[in-house]
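**Q** In case you want the letters, here they are:
Number of protein chains: 2
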Amino acid sequence: MGSTCVRIAIDAMGGDHAPGEIVAGALRAREELGIEVLLVGDPQQIEAALPSKTNLGQVEIVSATEAIAMDEEPLSAIRRKPKASINVAMNLVKNQKADGVVSAGHSGAAMAAALLRLGRLPGIDRPAIGAVFPTLIASKPVLILDVGANVDCRPKFLDQFAVMGSIYSEYVLGTPNPKVGLLNIGEEDSKGNDAAVRANQMLRENSQISFIGNAEGRDVLSGRFDVIVCDGFVGNVLLKFAEAVGDIVLQILREELPQGLRGQIGSAILKPNLKRIKQRVDHAEHGGGLLLGVAGICIIGHGSSQAPSIFNAIRIAKEAVDNSVLQRIQSQYQSLQQESN
Amino acid sequence: MGSTCVRIAIDAMGGDHAPGEIVAGALRAREELGIEVLLVGDPQQIEAALPSKTNLGQVEIVSATEAIAMDEEPLSAIRRKPKASINVAMNLVKNQKADGVVSAGHSGAAMAAALLRLGRLPGIDRPAIGAVFPTLIASKPVLILDVGANVDCRPKFLDQFAVMGSIYSEYVLGTPNPKVGLLNIGEEDSKGNDAAVRANQMLRENSQISFIGNAEGRDVLSGRFDVIVCDGFVGNVLLKFAEAVGDIVLQILREELPQGLRGQIGSAILKPNLKRIKQRVDHAEHGGGLLLGVAGICIIGHGSSQAPSIFNAIRIAKEAVDNSVLQRIQSQYQSLQQESN
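Protein chains in written order, with our numbering: chain C, 705 to 1045; chain L, 705 to 1045.
By construction, these hints were calculated from the structure, which means they are not laboratory data. Any given hint could turn out to be false.
Since the list gives no way to pick out one identical chain from another, each pair is judged satisfied if it fits inside one copy or across any two copies.
Said to hold, decoys possible - 16 Å max Cα-Cα, derived EDC-like pairs, lysine to aspartate or glutamate:
#1 K895 - E776
#2 K844 - E909
#3 K787 - D829
#4 K895 - E920
Just chain C, same shape as in the assembly:
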């Protein structure tokens, strides 16, 4: 790396609000976080999205002449379009021109590009997508993984998710000695299907993590757990359900609160308090998911990401770089291998 400054490659063409909101979030991150951003995509569209006062000499644009649409089959699109912005961004990491990638585009495509260009970390069978949820305890988020990369998971994969998630929780989210749970339908170790029972056993025996037991649906947002592992099927259903619930709560508040004269007066008075509630329940405030287990820092933002979410995703990427998340995961598995030799 030529520079000591963290450099993040941004897929400027990915997401419902690309490139405008993506570029806006990236510029804010460059300003406030003291990092370099590489805007990857169609130079004309990116330049048009830059505010007129931007000094072009300060903004690095990396040309990528293709983009992947949300409805494309990820693996074939990644192979068919080597010049797609997400491929070019991953190559920047591979060639050590950037320390990490942020994309709000097709999440399956981002995952396929990461696997194809960067590969898996040694010792990891399957990468996982993690998502950070707010909990009942305002300052204590919970990391759920996998939320969609692997629909079927062997207990061994869940065990690896737990190790990677613990490192991420400790060194990026700042949780000392994170408490790990296995998403299940009951608290007792014997609950769930065969795979869940075996996963519970593996996690209990894993000395690299602090496994405290099964987490039921009701425990997810309680703040009792810092990391919860599950297969990508149930994790994805839960993530999308949770996001929708946030939206629904905000809609019910908007519908019910201003009804009637009392409602109108009361809502006007309560405006600042309502804004705080929105911040606590709105998923857009909580940035993106992260791809753990590939040989590079990759943050996958929500397709609907606007500038604040992109800023948060870049902030997360920077923290992952600053705190050597990849190196820590690698050294966990190296020490395991040495032990078993």
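Since chain C is already given, all that's left is putting chain L on it; use the hints.
**A** Same frame as chain C, but now just chain L:
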């Protein structure tokens, strides 16, 4: 049946607030719904829970000298305690002394008792527990099944859940031609694991139901679907998560709204509007789950049920009896068998 009046057996010993709240809900149901209730449990405790003005001649108490605790292993407890209130209640249905059972006790035990005493309906491989969720459209609930009876589900089971759920949605919840969805991680028919793809195909080919495709987590509460089928693992996680989210939203409202002077004034003014919000998000307002596929009407209330939930559960049981839900499920499978002969 000696009487033309619907008779519901109530497990008076089941639930966190038994027998007080259970008896209170049952008495209200008897009064308002014009049904007979059989209170099953320890006569002394039940009598002590009755309001002093109750005319004992009007209340039928059926003695059951045992009860099953929440932490007992269901199947062995059901076998070891034949005089447990849930067993006695199921026997009342089996012997045609009652038309249905309502219990807020150990849900696994209720399911085991139903299977052992009543058996499955012909044509049904596995009974399912259904739960009714409110949706974004205030008058349009969605029925999710299975929410916990079967941790692993073959596609055939999901197909049967769809048929039973459609009948229940149409004849108890009053939805003409209910729209059925398969809970999955993407809208396209090809999404999900092998089992999900095969279930999608079976549901598409089933002419008894109106299958409209896969439902993602974000679609569950949208009101687009009337019935959503899933295995009991993901359904249970979702149910418990959803219940907790309702509680969390209410807690965030309680924490954030009254903060500061503006907050206190605004909250006071908004009291009636906040009550409506509570009714829309609070799971306690939405009664119990139902056990579909056994040869009897069984409503399984939440362990935390208080009188209003018990009343709602009894109301649901009455509607299932009035609308011949069991007979309709049976005749669907009889006609299928005749077609295939």
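**Q** Check each numbered hint against the structure and report the violated ones by number, ascending.
**A** Of the numbered hints, 2, 3 do not hold.
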